[in-house]
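Colleague: Listed here are the chains, written in short residue letters.
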Amino acid sequence: LAKTTQPISMDSYEGQEVNITCSHNNIATNDYITWYQQFPSQGPRFIIQGYKTKVTNEVASLFIPADRKSSTLSLPRVSLSDTAVYYCLVGDSRTTDSWGKFQFGAGTQVVVTP
Amino acid sequence: NAGVTQTPKFQVLKTGQSMTLQCAQDMNHEYMSWYRQDPGMGLRLIHYSVGAGITDQGEVPNGYNVSRSTTEDFPLRLLSAAPSQTSVYFCASSRGTSGKAAGELFFGEGSRLTVL
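Sequence lines, in order, name chains A and B. Each residue of the first sequence is one higher than the one before, counting from -4 in the working numbering. Each residue of the second sequence is one higher than the one before, counting from 97 in the working numbering.
No wet-lab data here; the hints were simulated from the structure. Note that CB positions come from ideal geometry on N, CA and C, so glycine has one too. Among these hints, one or two may not hold up.
What the hints assert, rightly or not - Ranges between beta-carbon positions, derived for each pair:
1. Thr78(A) <-> Lys105(B): 22 to 28 Å
2. Ile3(A) <-> Pro157(B): 33 to 39 Å
3. Lys196(B) <-> Asn14(A): 31 to 37 Å
4. Leu212(B) <-> Gly10(A): 44 to 50 Å
5. Pro179(B) <-> Pro109(A): 28 to 34 Å
Claimed, not checked - In silico BS3-like pairs for lysine-lysine, Cα to Cα no more than 30 Å straight-line:
6. Lys105(B) <-> Lys96(A)
7. Lys(-2)(A) <-> Lys96(A)
8. Lys49(A) <-> Lys(-2)(A)
9. Lys47(A) <-> Lys64(A)
10. Lys(-2)(A) <-> Lys110(B)
11. Lys196(B) <-> Lys47(A)
12. Lys196(B) <-> Lys96(A)
13. Lys64(A) <-> Lys196(B)
14. Lys96(A) <-> Lys47(A)
15. Lys105(B) <-> Lys49(A)
16. Lys64(A) <-> Lys49(A)
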């Protein structure tokens, strides 16, 4: 299955850029990379999704190298409200048995301080 | 458009009792799934369904049953609750199981279960 590996935690100050890298060595050709944000006592929330190169939206940017074995979520100029756990998720379409078996990793706890 | 709705939000059970956590979505999503999240931990997949009448096991299926008789509903049943099942349960749905649609999961607000 397409497992992911992320740093357990990252600390930052307000106004800085935070970059979280996720490793997904077994990603299949058809699979996308999706990042989620989770606040305490809430369900995860979709942030951004990409297949290759760079994707940017109003919240974040996602950088994916040509081999697609990793991806980096970039949060520009973080604020206190960006303190949350961030997960990367990769689908697994290598076999029909694995379709839909979306397994999250441990996530990265980002703490933003003044 | 309510999205993914979970009930109840909170539940306390005694060991050995049974109950059903309800999950409903109004987005006509084919894919639905259940996760549990223990304190300070990530989400672990319990069961999932790629369409009505089709269910499959995730990482931690023991002690839980599911069924998918309609596209909208995906209930999770605890047959005989154990303290180890104390957790927060999240239901999620998406438009598909492969490609771009697959990873865009929509989550409910969670159901907090305590088993004494």
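Colleague: Compare the structure with each hint and give your call.
Modeller: Checked hints:
Our hint of 22 to 28 Å for Thr78(A) and Lys105(B) holds, since their Cβ atoms are close to 24 Å apart. Restraint check, Ile3(A) to Pro157(B): a C-beta distance of roughly 27 Å breaks the suggested window 33 to 39 Å. At roughly 24 Å, the beta-carbon separation of Lys196(B) and Asn14(A) lies outside the given 31 to 37 Å, and the hint is violated. Separated by about 46 Å at the C-beta atoms, Leu212(B) and Gly10(A) satisfy the suggested range of 44 to 50 Å.
As the Cβ distance of Pro179(B) to Pro109(A) is approximately 40 Å, the hint placing it in 28 to 34 Å is violated. Distance check on the hinted pair: Lys105(B) and Lys96(A) sit about 25 Å apart at the alpha-carbon level, within 30 Å; holds. Note on Lys(-2)(A) and Lys96(A): the hinted pairing holds, with a Cα-Cα distance of about 11 Å set against a maximum of 30 Å. Among the hinted pairs, Lys49(A) with Lys(-2)(A) is consistent with the structure: their alpha-carbon atoms are about 22 Å apart, no more than 30 Å.
For the hint linking Lys47(A) to Lys64(A), the alpha-carbon distance of about 10 Å falls within 30 Å, and the restraint holds. Using a Cα cut-off of 30 Å, the hinted pair Lys(-2)(A) and Lys110(B) is violated, with the two alpha carbons roughly 35 Å apart. The straight-line distance between the Cα atoms of Lys196(B) and Lys47(A) is roughly 12 Å, inside the 30 Å bound, and the hint therefore holds. For the hint linking Lys196(B) to Lys96(A), the alpha-carbon distance of about 15 Å falls within 30 Å, and the restraint holds.
Between the alpha carbons of Lys64(A) and Lys196(B) the distance comes to roughly 17 Å, so the proposed pair stays at or under 30 Å and holds. Restraint check: the Cα-Cα separation between Lys96(A) and Lys47(A) comes to about 22 Å, which is no more than 30 Å; the hinted pair holds. Pair hint Lys105(B) plus Lys49(A) does not hold up; C-alpha atoms about 38 Å apart against a cutoff of 30 Å. Of the pairs offered as hints, the one joining Lys64(A) and Lys49(A) holds, with about 14 Å between alpha carbons and a cut-off of 30 Å not exceeded.
Hints 2, 3, 5, 10, 15 from the list above are not met by this structure, while the remaining hints are.
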